[in-house]
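If you read the protein sequences in the order shown, they are chains A and B. Per my numbering, the very first residue in the first sequence carries number 101; after that it's consecutive. Per my numbering, the very first residue in the second sequence carries number 57; after that it's consecutive.
Hints listed in this document are in silico derivations from the structure and should not be mistaken for laboratory results. Take these hints with a grain of salt, some might be off.
[Stated by the list, open to error] DSS-like, lysine-lysine: derived pairs with alpha carbons at most 30 angstroms apart: (1) Lys475/A - Lys82/B; (2) Lys82/B - Lys125/A; (3) Lys475/A - Lys397/A; (4) Lys82/B - Lys473/A; (5) Lys82/B - Lys395/A.
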Amino acid sequence: MQELPSWLIDLFYLVAAALFILGLKGLTRPRTAVRGNITGACGMLLAVVVTLLDHHIIDFRWILLGLAIGTAVGVILALRIQMTAMPQLVALFNGFGGGASALVAGAALIEAISAASQPEAVGLTAANLVATAASGLIGAVTLTGSLVAFAKLQDLISSGATSFPGHQAANALLAAVALGLAAWLVGDPSGSGSYWLLVVVASVLGVSLVLPIGGADMPVVIALLNSYSGLAAAATGFVLSNNVLIISGALVGASGVILTKIMCEAMNRSLFNVLFGVMAPSEEGATADEVYAGKIKSTSAEEVALLFDTARRVMIVPGYGMAVAQAQHAVRDLTKLLESRGCEVLFAIHPVAGRMPGHMNVLLAEADIPYDKLKDLDEANPLFEQTDIALVIGANDVVNPLAQTDPNSPIAGMPILEVGKARTVVVVKRSLSPGFAGIPNPLFAADNTLMLFGDGQAAVRELIAALKEL
Amino acid sequence: MDAHTLVIGLTVFVLSIFVGVEIITKIPPTLHTPLMSGSNAISGITLIGALLSAGSQHTALTALLGTLAVVLATINVVGGFLVTHRMLEMFRRKD
Chain A
101 MQELPSWLID LFYLVAAALF ILGLKGLTRP RTAVRGNITG ACGMLLAVVV TLLDHHIIDF
161 RWILLGLAIG TAVGVILALR IQMTAMPQLV ALFNGFGGGA SALVAGAALI EAISAASQPE
221 AVGLTAANLV ATAASGLIGA VTLTGSLVAF AKLQDLISSG ATSFPGHQAA NALLAAVALG
281 LAAWLVGDPS GSGSYWLLVV VASVLGVSLV LPIGGADMPV VIALLNSYSG LAAAATGFVL
341 SNNVLIISGA LVGASGVILT KIMCEAMNRS LFNVLFGVMA PSEEGATADE VYAGKIKSTS
401 AEEVALLFDT ARRVMIVPGY GMAVAQAQHA VRDLTKLLES RGCEVLFAIH PVAGRMPGHM
461 NVLLAEADIP YDKLKDLDEA NPLFEQTDIA LVIGANDVVN PLAQTDPNSP IAGMPILEVG
521 KARTVVVVKR SLSPGFAGIP NPLFAADNTL MLFGDGQAAV RELIAALKEL
Chain B
57 MDAHTLVIGL TVFVLSIFVG VEIITKIPPT LHTPLMSGSN AISGITLIGA LLSAGSQHTA
117 LTALLGTLAV VLATINVVGG FLVTHRMLEM FRRKD
């Protein structure tokens, strides 16, 4: 096979990096996004092909095996995954990227050690070793942390917050041990034992860091792990002195950090509070009985259908419950029916609705709902006053007025969708059980709120049937 | 990696972060899930490091580690771009 000089390979890597940036730029508009993603994929293909022409590669058997297995698994996962399960798939991919980075840095370390004639002459500078340690630490935390996030989202383990006394002290100890091992590696690079110990400790740390984070905080964790997978790739770029890894890793790292920040702001919590804070219901807060007793108005599909019959504008507020019930297609059918009767239907999407940034938008796109009907927090709130019915499907904390009225509540200051301003609020929910914040929701007891108890999908289907019979 | 190479790498890293922040902040919330899966596929670029480890045959151990890394990174790259494409097609067909 024709070998390429290394300067030419680097030039092609530059082209690949430019294609990644252009690809991300395409994602700024839904219209150009498909082309953007293909542009990024072309950049990746180019980078892989020129790497295969590198003269260091002398044996293709293992490479072909790895590429074949990876491609088969990737294609199957990508084509078979349900849109509602997207958060756990992205978590899994994040983890694999981080794991790969840690393995590559480890292999590079072993190569450098075995290439040296004697232990003292290992040709690695301190900077190189710091990058290796960073890659192992971040990569391993990303791998195991993502696997725990995957298991939680897939309901393989309890999705709640799992913690034990002294958990945070244990995490701090693990982090300190990991940093100590990193220092050992930098000080004595004659063997790779310290590196693999570091990877083991970081793996335990990854599990321990994500276990105490539950349910509705998942969007933050996934965004953060996304950022870590980028930083691990960038650290591996420093290990290999490879700019395309550094550029790509920096882009992904920045993307994850920005999404993390958006998610934290949408909950009015700091990242520290999400990662280490315990979300306990405030003690002064009213109990569920005090809030709900005698004030809950349960309704039927037929009664709600009568309300919809005269409605001019309906705002639908979806939450994680819509994903759990796979209700997005039923919601689409209801939307079409209402629109055919001359009613305007819009959707109000809270940034942390669902289990990852943009989760609701993808589900509604899957159900063929045009994205210009989806309104974000700032657009939606002024519209509720001129709305006849706010239909809340499987959302709870993001519509809880306590965020604005009770400064002691765990969600105090969190921006909410002000559905109570609509003329009537209809809440589709299985029971009065609290949301992730563990507090009762006075919205359910408000004068203009009707509760339609039941599974999201079944309730919406009943509503459609009742509307058609009118 | 000498000090000069390190500084060049840091230069590239810092400037790339600025480029990333400029672009990512312009991406609308409705595309945040495809952004995560798509950017995640890009972080699979570590695949090229894995290819070098798997193919350069320094030792059996590095070839094994490299091959394992090739598998993980390829799942990340192929699965990531493909699932992003699937999602974005759903956004496009409403135009």
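Hints and how they fare:
no.	hint	verdict
1	Lys475/A - Lys82/B	holds, 17 angstroms
2	Lys82/B - Lys125/A	holds, 9 angstroms
3	Lys475/A - Lys397/A	holds, 28 angstroms
4	Lys82/B - Lys473/A	holds, 19 angstroms
5	Lys82/B - Lys395/A	violated, 44 angstroms
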